[in-house]
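The two chains are supplied separately, each in an independent frame; assemble them into the complex guided by the hints.
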Amino acid sequence: MYPTDRHYTTDHEWISMSGTMARIGITDYAQDQLGDVVFVELPEVGQLFESGTQFGSIESVKAVSDLFCPMAGRVVEVNGALSDRPETVNEGPHDAWMIVIELKDPSQTDGLLDAAAYTELVS
Amino acid sequence: MTDAPAKLLKTPLHGRHVAMGARMVPFGGWDMPVQYSGITEEHLAVRTAAGLFDVSHMGEIEVAGGDALAAVQRISSNDASRLEIGQAHYSALTTEEGTFVDDLLVYRLTNDHFMLVVNASSIAKDFAHIRAGIQEVGDAFAVNTSSRYALIAVQGPRALDIVQPLTEVDLAGIGYYHFETGEVASQRSTISRTGYTGEDGFELFVPPSGADRLWQTLLTAGAEAGLKPAGLGARDTLRLEAAMRLSGQDIDETTTVLEAGLGWIVGWDKPDFIGREALIAQKARGVTRKLVGFEMVERGIARHGYPVFVGADPVGVVSSGTRTPFLGKAIGLAYLPVGACAPGTKCAIEIRGRQVTARVVSLPFYKRG
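Residue numbers (our numbering), protein chains in the order written: chain A, 13 to 135; chain B, 16 to 384.
Next comes chain B alone, as it looks inside the complex (with noise of 0.2 angstroms):
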C-alpha cells in the first residue's frame, strides 16, 4: 500500500461505480467500491433483502483438451471427477508442501472443459501456476479468460425473486453450487447459484459490454425488494460472518489446506495432485494448529496481524477480524494450536499492547436460517 500504485485496473462497471457515488479504493491491482452507502446498510441489507456486487475483478482461467479433467485434477486439491456438467465446487491450487497458491472455484461447462474462478490479486500467479502443473497432463491447456467476462453477484434471501422476472431459465431448479447458461434481461450468462456471503444468490458470468445495462436492470427490478448496491467492504465483513476464507488473509502459501480446516476440499483419493504427499503425511501425523474462530469477550476488535495469547505465551495470530454488522459483536479468525481450538478456549488477543479478552467459538458465525 506504500508503493505508488501501478494504474489500477478498472472493470466494465467502473464509470457506473464512479457516478453512483461508491467509494472507490485500490484492490488487488483493482479500482474497486469499497462501499456505496456504508457497510452497515449493505451488510443488513444482503442479510435481510438483497444485495447487488461487481466482482468483475476476479479471474478466470479455462482448461480445456481431451484430458482437461487430468489437468484440472493434477492443480486443484478437491476432486473434479466428482462434479457434473453445470455443478461448481470449492478448491485449492496447492503447493508441494500442501499449502495455498490461493482457492478457487472450479465450474465443469462439459466433459473436457473447466473454469476456474480464482482471486484478483493472484491471477497472473495463478494462470503461471497452472501452465506449469498442467505441463505434462498431454492433452490439456489453460486460456486465462478473465478480460472475457465481467461478474454481477446478487445475493441475499431476495435474490431469486428479483432475477426470476428477468430470465426464463427456472433458478429455483438450480441446486446450490450449480449453474446453468441463458438469458437474463437479454444477456448471455452463466447463471450461477454461489457466492461469497453465506447467503443465497446468483452470480453473473455476462460479456463485459453487456455489465452495465445488467447492473442497472437488476438495480431497478430490484429496488422494490430491497436490493442496494454493495462493496468489497460489506463482501468482506459478510464472508467472514460466513466463516468463508479470504486468500492472501486467511490462507497463504505459508498455511496448509488441513491447517485451514479444509480438509473436505481435498480429493483424498485421487492419485495424484500437487502436494498430495504433503498433505498426506500431515493428516496421518495431525496437525499442530487450526484456523479457529473466535468472539471477543472484552470490548475491543481484533484485526488482520495482531498476536493471540493464552497465559502468559504468544501462540498465535488473528488473521481476519472485525465488528459484525448483522451478529452485532467482534468477531475473528486466527491460527492457534491445537490444545487451545476446542470451543469455549480463552484466550487474548493484543489490541494496541493491551489484552483483551476472547473465546473460541465454532464456526461459522452465521449460518442462513
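Looking at chain A on its own, in the form it has when it is part of the complex (with noise of 0.2 angstroms):
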C-alpha cells in the first residue's frame, strides 16, 4: 500500500529523497481522511522553510487542512497542475507530490518513518 521507497510522517506527508532534494506529498491515508480535494495553495519557488512550518494548505470541500514541511530547505519546484485538478490528490496521492524542496541537511531524518512504521501507524 505504502511505497518502500520513501519516508513518511505523522502529519502523513510523504517525502521522497534524491540526494539534497527532496519531493513532498500527502498520503493516501491523508487524503481519504479529508475527502474531496478542491484547492491546493503551494508556496512560492525560492521560499525557505524550516522544519515543522507550514508550506501550504489543502482544502477539502469540508474543511482546510495545513501542509507542514517536513525538513528545512528551498522551495525549488511547485506542482502548479494542481491548482487546476486538485482532485488527482484523491485519486493518486503518492504520485501527487507537491513542492520539491531542496535540503538544508539531507542527514537530518529524525523522526521520519519507513513504509513500515507509518502503515502501523495509521492502521
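Errors might be hidden in some of the hints.
[Claimed, not checked] No more than 16 angstroms apart at the CA atoms, straight line, and that leaves these computed lysine to aspartate or glutamate pairs for EDC-like: (1) 305(B) <-> 267(B); (2) 140(B) <-> 268(B); (3) 140(B) <-> 310(B); (4) 74(A) <-> 56(B); (5) 344(B) <-> 17(A); (6) 361(B) <-> 310(B); (7) 298(B) <-> 112(B); (8) 25(B) <-> 46(B); (9) 344(B) <-> 44(A).
[Stated by the list, open to error] Negatives, chain B to chain A, calculated, CB over 10 angstroms: (10) 38; (11) 46; (12) 49; (13) 84; (14) 150; (15) 184; (16) 235; (17) 293; (18) 345.
Simulated from the structure, these hints should not be mistaken for laboratory data. The beta-carbon is built from N, C-alpha and C at its ideal position, and this holds for glycine as well.
The structure is reproduced here in C-alpha cells:
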C-alpha cells in the first residue's frame, strides 16, 4: 500500500529523497481523511521553510488543513498542475507531489518513518 | 469541539450507517454520517438523480390544544393561520429582539395540532423557549416528541419516481410544502414534500422501529434510478447552493430575521408574536446589514468566520462558505453593510492572511429548472 521508496511523517506526508532534493506530498490515509480535495495552496519557488513550519494548505469540500514542511529547505519546484486538477490528490496521492525542496541537511531524517512504521501508525 | 464530547446520541439508523461504511462525525450532539462515497459524488447524485438522507436527529415538538394556533402564532414568526391542514411553512423562533432562537418548519396536522420541526442541536433550548412562550396562551401545551420519529429524506429529480411505487398515496398530488399520511413500504408515514437541498423530494416521518427497513427498501428501490446514500457533508453543500440558511451559522441570536433576508417568514399582520415590535421597528428604520451571497473571483475558498473587506475596511464576516460540487465554484454567504449588498459589488475576503477578491451575487446560487 505505502511505497517503500520514501519516508513518511506523523503529519501524514510522504518525502521522496534524491540526493539533496526532497519531493513532498500527502499520504493515501491523509487524502482519505480529507475527502474530496478542491483546492491546494502552494508556496512560491525560492521560499525557505524550517522543519515543521507551514508551507501551504489543502482544502476539501468540508475543511482546510495545513501542510507542514517536514524538513528544512528551499522550494525549487511547485506542482502547478494541482491548482487546475486538485482531485489528483485523491486519485493518486503518492504520485501527486506538491513541492520539491532543496534540503538544508539531507542527513536530518530524525522522526521520519519508513513505510512499515507508517502503515502501523495508520492501521 | 475541543471539549471531550458527552455520550453522542444515535439515530435509529446509526448501526446501518456504520455497517455501510459511512464516515461518522459528531454533529449537534449526535453521531452522524458526514459522507458515504464522498461529498462531491453524493451532491451530484442529488442534483441529477436522488440522494437518501437520515435526518432523524432533527427535533419534533408538537403543540396541541384548543388554543394551539394562538400558541404557535405567539412563538413562531410566520403566520400559521394561513396554513391549511396538511400544509407546512418555514418560520423562525424569535427573541424579543427579533433575532433567531432557531429556524423551523411548522406543520399543521389538524386545526388545533401543529408539529414544529427544529434543529437537532437546539431541541432542548427550543422546547424550553416554546414552553415559556406559550405559558399564558390558555389551552395549549407542547410536547417534545423527537424520539417518536425517525426522519428519512429522499431528495432529487428522481425522488418521486423512486418513492411512488412503494406507496398508494398519489405523490404528485402532494404540493410543495404539503404533506399527507399514508403507508410507504407498509410503514405508517407522514410524507412531506419538503427538503433542505434545493431539489424536489420527500421527507418521511416514520416510527423509529421501522426506519431501518424503510431505509433498505428505499435504497434497493432507488438503485436503478441512481439513488445514493448521502451524509451531512453533501446536505451542507446542497443547502448552501440553494441559499438555505443554517441555524447556528448563518442565523443565530445575534442576527435578526430581516438582516437574514427572511422578511417573508414574518407574519406582519399578526397582532402579536415574540419579537414583533423589534422587527416592525427595524423594518421602518431599515436594516444596516444584510446576508448576501458572494462568489470568489480569485482562487480561494471562504469559510465561516472569515472577515470581509471593502477597500481597507473590515465590513463584515462570512457565515457559510464552500466550493460547491455542482456549480464548480467557491461561494458563500456573508453579512455586509447595505451599501455593499448590490450584486456585482466587489469585496475581498481574508483567507489565511491574504485578501482574495470576491463579488456579491444574487441568491440563490442554484435554482432547480
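List, from low to high, the hint numbers that the structure doesn't satisfy.
-> 3, 5, 9, 10, 12 and 18
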